[in-house]
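Participant: Using the hints, position chain R against chain S.
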Amino acid sequence: MSIADSVEDKLTSARSTVDTIPPVPRWVLKGLSIGLFIATWWILVEIGFLGFDLLRTPLETAVSLFSFIAGETMGQGDSIYVHAYHTLYRVVLGLGLAVVTAIPLGLACGWSDWWRSYVYPAFELLRPIPPVAWVPIALIALASEFLGIIWVVFIGAFFPIMINTMEGVAEIDAEYAQAVKSLGGGNWDLYRHVVIPHTLPSMITGTTIGVGIAWIAVVAAEMLSGGPGLGYVTFQSYRLMDTGVVIVGIIVLGTFGAASSSLVMRVGDYLTPWTNEVRE
Amino acid sequence: MQSLTKIYDPEGEHVTAIDEIELGIEAGEFVSLVGPSGCGKSTLLNCIAGFIEPTHGQIYVDGNPIDGPGADRGVVFQENRLLPWKTVRQNINLGPQMRGEIEDGRAEELLSKMGIEGTGDQYPTELSGGMQQRAEIARLLANDPEIMLMDEPFSALDALTKEIMQELLLDIWEEDNRTVVFITHDVEEAIFLADRVLIMTAGPGRIKEAIDVDLERPRDLDVTTTPRFNELKEQALSAIVEEARAAMESEQ
Chain S
1 MSIADSVEDK LTSARSTVDT IPPVPRWVLK GLSIGLFIAT WWILVEIGFL GFDLLRTPLE
61 TAVSLFSFIA GETMGQGDSI YVHAYHTLYR VVLGLGLAVV TAIPLGLACG WSDWWRSYVY
121 PAFELLRPIP PVAWVPIALI ALASEFLGII WVVFIGAFFP IMINTMEGVA EIDAEYAQAV
181 KSLGGGNWDL YRHVVIPHTL PSMITGTTIG VGIAWIAVVA AEMLSGGPGL GYVTFQSYRL
241 MDTGVVIVGI IVLGTFGAAS SSLVMRVGDY LTPWTNEVRE
Chain R
1 MQSLTKIYDP EGEHVTAIDE IELGIEAGEF VSLVGPSGCG KSTLLNCIAG FIEPTHGQIY
61 VDGNPIDGPG ADRGVVFQEN RLLPWKTVRQ NINLGPQMRG EIEDGRAEEL LSKMGIEGTG
121 DQYPTELSGG MQQRAEIARL LANDPEIMLM DEPFSALDAL TKEIMQELLL DIWEEDNRTV
181 VFITHDVEEA IFLADRVLIM TAGPGRIKEA IDVDLERPRD LDVTTTPRFN ELKEQALSAI
241 VEEARAAMES EQ
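Chains S and R are the protein sequences, given in the same order. Residue 182 in this note's numbering sits at position 182 of the first sequence, and the numbers go up by one each step. Residue 58 in this note's numbering sits at position 58 of the second sequence, and the numbers go up by one each step.
Isolated chain S (complex conformation) (with noise of 0.2 Å):
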């Protein structure tokens, strides 16, 4: 016997001693890795590694989750409700803004070459500009930390929109087109059978990458400006060494950020139909 075939017989009996393991359920690697997590995060603290001994361990994170969920404030005067409301507000609201300027703006960008040649150029000089590297000039030329933060939240999610929908109305194939035309479509006709439809994706991809972006910018934005807000009481937090608060800000801000991109994805889902590959 060669040793090409000595070693093919013994990789087929180990590969089938693994086909005879059963395989581990999705939700036991999932919950292991989790697990594993929390466990490290509790030896770290434990041990006190680092600067660790200052944090809290998983428990006593829980439990002042659950008493600030309860109703507790959190850091000075204000409840968890009030700082994650005008948390919220100020991404939505920023948010909003980004979605129906940038969008318009996009489309006017991608579709002519007039407004790609004037009016993009400015946005241009603008985009490379980190959202958070606005915090201090918005703070002072706006005069309000309100108008400030909404600002930062604004041009951080703006950016990604507008060059998403930019790009979608360029890849449009020109027979789309072509063949609205001669089916007797005029311009207007152009715009909302063809390009806004085909556009769709981009503007929903764009504003994904922009909710992320917003999360980013109101959280530095409230860092520095102060004010009711999760970023706000996150940062507050620290320099008080409440390091409790200090994590369940992180939580709370992490779970949000979560739900807000998923919720967007839920909606791009549902209003691009075409797109889902499985229909049943």
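Hints may be right or wrong, so weigh each one.
[As the list claims (entries may be wrong)] Okay, the calculated bits of chain S under chain R, using three or more residues with CB under 8 Å as the criterion: (1) 173-181; (2) 185-199; (3) 267-274.
Simulated from the structure, these hints should not be mistaken for lab results. All of these numbers come straight from a predicted model, not from anything done at the bench. Positions of the beta carbon are idealized from the N, C-alpha and C atoms, including for glycine.
Facilitator: Below, chain R alone, put in the same frame as chain S:
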């Protein structure tokens, strides 16, 4: 539509795609355009459709010069151009919808005429290639165009589906007597379908030969085995081979 005359030589990037073609197509006539690739077949069709303007010359439909695309000239594209974001029914109703006159049940009628009843609520990408082409033809018929312009509409289909579609197209044409301009590179397809086969020359595109197809109608695919069909095919092929040889020699 009485006479359709076109004389032009557009020069896209100084390449004369088609050169001073003069051609009259009768109302209700089925004309096939055959020629090597790059002979300007599609350019000619796009000019008739109004997608591009000829550099010189003019095309007349019913004595009126054409000015851009219009609902009187429906187009079937090589790759189907059903709007993927609309269901099959919405696609079929698109032409009437844009004129503000959707007729209830018309879409269903056309779907069953094309043999794809029950697909109205599906999106185009859920259908097979042959069914998509049927739906596109249904969309065209819903608009009731006088002229149907077809740019190699069946070239992406498998042989069997292609034959079925050819017979279906003839049925539709015989029913309503629309004018059809059908582009293909398949000589048999051209002869089987058309009243007249126009063979085009390559670079610059001219019409080399017009073959009148005197096969009896209504036709079915059995006609392709008759001696007369083969004669016509020989005639067309020899013209094309001659043309291809001339093209190769001029390149050397």
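Participant: Hints the structure violates: just list their numbers, smallest first.
Facilitator: none
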